[in-house]
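Going line by line, the protein sequences match chains A and B. The opening residue of the first sequence carries number 1 in our numbering; numbering runs sequentially from there. The opening residue of the second sequence carries number 1 in our numbering; numbering runs sequentially from there.
Simulated from the structure, these hints should not be mistaken for laboratory data. You may find that some hints are simply not true.
Pairs count within a copy or across copies, as identical chains cannot be separated in the list.
[To be verified] In silico lysine to aspartate or glutamate, EDC-like type, Cα no more than 20 Å apart, as pairs:
| id | residue 1 | residue 2 |
| --- | --- | --- |
| 1 | K6 | D87 |
| 2 | K298 | E185 |
| 3 | K6 | E35 |
| 4 | K6 | E32 |
| 5 | K90 | E54 |
| 6 | K6 | D198 |
| 7 | K90 | E13 |
| 8 | K169 | E184 |
A quick note: this is a predicted structure, and the numbers were derived from the prediction, not measured.
Protein chains: 2
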Amino acid sequence: MAVYTKVSSEEIERFLTRFDVGTLVSAKGIAEGVENSNYLLETTKGQYILTLYEKRVDPADLPFFIALLDHLAAHGCRVPPMIADRDGEKIQQLCGRSACLIIFLPGVSVSHPTEAQARSTGRALGDMHRALEDFEPERRNILDHAGWRSLAEQCGPEQLDDIAPGLSKTIAEELNHLDAHWPEELPRSAIHADLFPDNVLMLGDQVTGLIDFYFSCTDIRAYDLAVTHTAWSFSEDGVDFNRAVSDALIDGYESAFALSDAEREALPLLARGAALRFLLTRAYDWINTPADALVTRKDPQAFLHRLQYYQTHPEIFST
Amino acid sequence: MAVYTKVSSEEIERFLTRFDVGTLVSAKGIAEGVENSNYLLETTKGQYILTLYEKRVDPADLPFFIALLDHLAAHGCRVPPMIADRDGEKIQQLCGRSACLIIFLPGVSVSHPTEAQARSTGRALGDMHRALEDFEPERRNILDHAGWRSLAEQCGPEQLDDIAPGLSKTIAEELNHLDAHWPEELPRSAIHADLFPDNVLMLGDQVTGLIDFYFSCTDIRAYDLAVTHTAWSFSEDGVDFNRAVSDALIDGYESAFALSDAEREALPLLARGAALRFLLTRAYDWINTPADALVTRKDPQAFLHRLQYYQTHPEIFST
């Protein structure tokens with residue numbers, strides 16, 4: 001959430017000459033997204049995002065992300081594709097990093113989604129899944145169900161219990177439950193895998209863009225809806241569940257792409273998995289980030305609360 | 001150089017209803033300026049900067065900055081004034097902080113100024129000083145000549161010598177020299193006091209905006225040219241002096257506002273003072289910022305090099 005690589009305006013001007021995008025009028029480092037450096041550029045022809053990929057994005061994954069965004073854009077989904085230079089290249093090098101020039105999309109991210117906004121987001125996710133039915137490239141989800149146990153072990157039981165008393169036992173029991181029941185047989189697809197409100201641009205109730213596809217991967221398709229559900233249907237601290245937003249999100253999704261009976265039945269379990277996934281990564285970051293670091297540590301308990309809610313309220317997913 | 005206060009898009013939308021600026025289309029936290037939180041906003045009517053003032057700007061100083069920018073804008077200088085709400089108020093409250101909505105200016109900051117860019121910047125500074133001849137409000141320069149000795153004492157001799165062997169002695173001798181010769185009698189005015197390339201927006205060779213007036217204050221007017229000189233006429237590390245840029249900056253200034261003989265004669269001394277001022281504040285920040293902090297510590301030696309150059313090359317200011 002910062003600008004890690006400082007690119008001079010002279011370097012940006014030189015970079016832009018590779019493209020047919022006009023000349024630079026303004027360049028502002030922006031603080032958003034995963035750990036990349038982003039600049040909002042204005043040129044004589046329009047607005048663009050310049051992204052330099054820092055350590056968290058493997059350059060080897062860029063072709064997958066580019067193919068995914070091109071496919072979605074070609075199918076009418078509102079996503080920000082990378083722009084090709086005059087030689088047709090989309091992956092550039094800038095300041096020693098892989099870099100892409102990306103279409104700017106209008107819209108803002110909401111912090112307190114309304115029912116109507118959740119419905120639009122669900123529909124946009126369903127539209128995306130429909131568009132991806134014939135998308136063939138694959139990328140392994142390094143944070144999939146199979147990896148959660150090892151993530152918990154890397155955290156360590158004592159460190160987990162320091163976050164919340166009994167947390168290591170809660171996680172161990174949940175891992176056993178998920179291992180016994182995880183619905184590996186459900187349809188798989190490319191998924192966004194991180195569709196938090198931060199990653200949805202909106203104007204009013206309308207979705208103007210799904211962004212930040214750098215966790216996108218191949219996994220159980222309905223798990224993507226479960227991730228979105230855990231991201232949208234609770235207060236940020238995970239304490240308050242919003243049934244109206246939850247229902248609107250799933251209704252919106254089904255208005256674009258119907259869930260099978262097996263997917264619908266699996267939602268309570270998939271949602272528990274989604275909550276556990278963010279609980280584990282937040283716990284890992286919490287344990288490995290000094291308390292006085294300038295980066296904000298996100299509280300893992302926000303997802304412990306969600307997990308506990310899902311464990312005790314499977315009925316919220318019944319029609 | 002980060003966004004310290006997160007403002008939700010819903011809060012920004014509510015904030016904008018106080019003004020006649022249209023409705024929100026996009027909001028990006030931007031990483032620039034002194035330690036404020038800045039958002040680049042796009043609305044249905046145009047582009048704006050939303051600034052929330054963090055600890056480094058005293059809200060009591062905001063009326064001075066606002067009056068200064070209004071005065072400069074009224075005199076045709078390219079600066080970004082604050083926008084009044086429908087009740088005529090320019091200082092707002094947002095997320096527990098003072099906040100202003102500010103006109104967005106196009107242009108980029110150069111990292112390696114050319115002669116032509118230095119000439120334009122000198123002229124813009126001269127135009128600004130001419131416009132400020134009848135500007136009456138005053139603000140004390142808390143980093144003026146009178147404060148440098150105490151700043152050096154707060155650093156401590158051993159800590160200074162840790163930065164560079166012999167630095168404390170160099171500074172003590174320079175303080176004695178400046179105390180004996182500081183030209184207190186020169187004309188005073190409101191000055192920018194921090195006109196680094198970062199704070200000048202340009203398109204090509206033309207200045208499109210002077211920005212970041214949060215160090216502006218009342219002090220010796222020609223000292224502002226000296227500060228600008230030390231900021232523009234050297235490589236960033238202070239090792240290489242650029243005579244052509246130096247001459248162009250001063251020529252450009254004089255094309256808008258002539259230096260008196262006394263001001264011209266004092267420039268070598270004022271430049272030593274300017275170099276010492278940034279050497280001291282960088283040394284203070286260096287000593288008081290942990291080496292592993294995520295904020296970048298700027299190397300004080302970049303201004304030790306400048307100081308030593310000014311000490312040994314007073315002739316660069318001769319016509």
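Hints and how they fare:
1. K6 <-> D87: neither (26 Å within a copy, 40 Å between copies)
2. K298 <-> E185: Neither way: K298 and E185 sit 33 Å apart in one copy and 56 Å across, limit 20 Å.
3. K6 <-> E35: both (14 Å within a copy, 17 Å between copies)
4. K6 <-> E32: both (15 Å within a copy, 11 Å between copies)
5. K90 <-> E54: within (17 Å within a copy, 39 Å between copies)
6. K6 <-> D198: Close across copies (12 Å), not inside one copy (24 Å); limit 20 Å.
7. K90 <-> E13: within (17 Å within a copy, 35 Å between copies)
8. K169 <-> E184: Neither: 24 Å inside a copy, 72 Å across copies.
The earlier numbered hints that this structure contradicts are 1, 2, 8.
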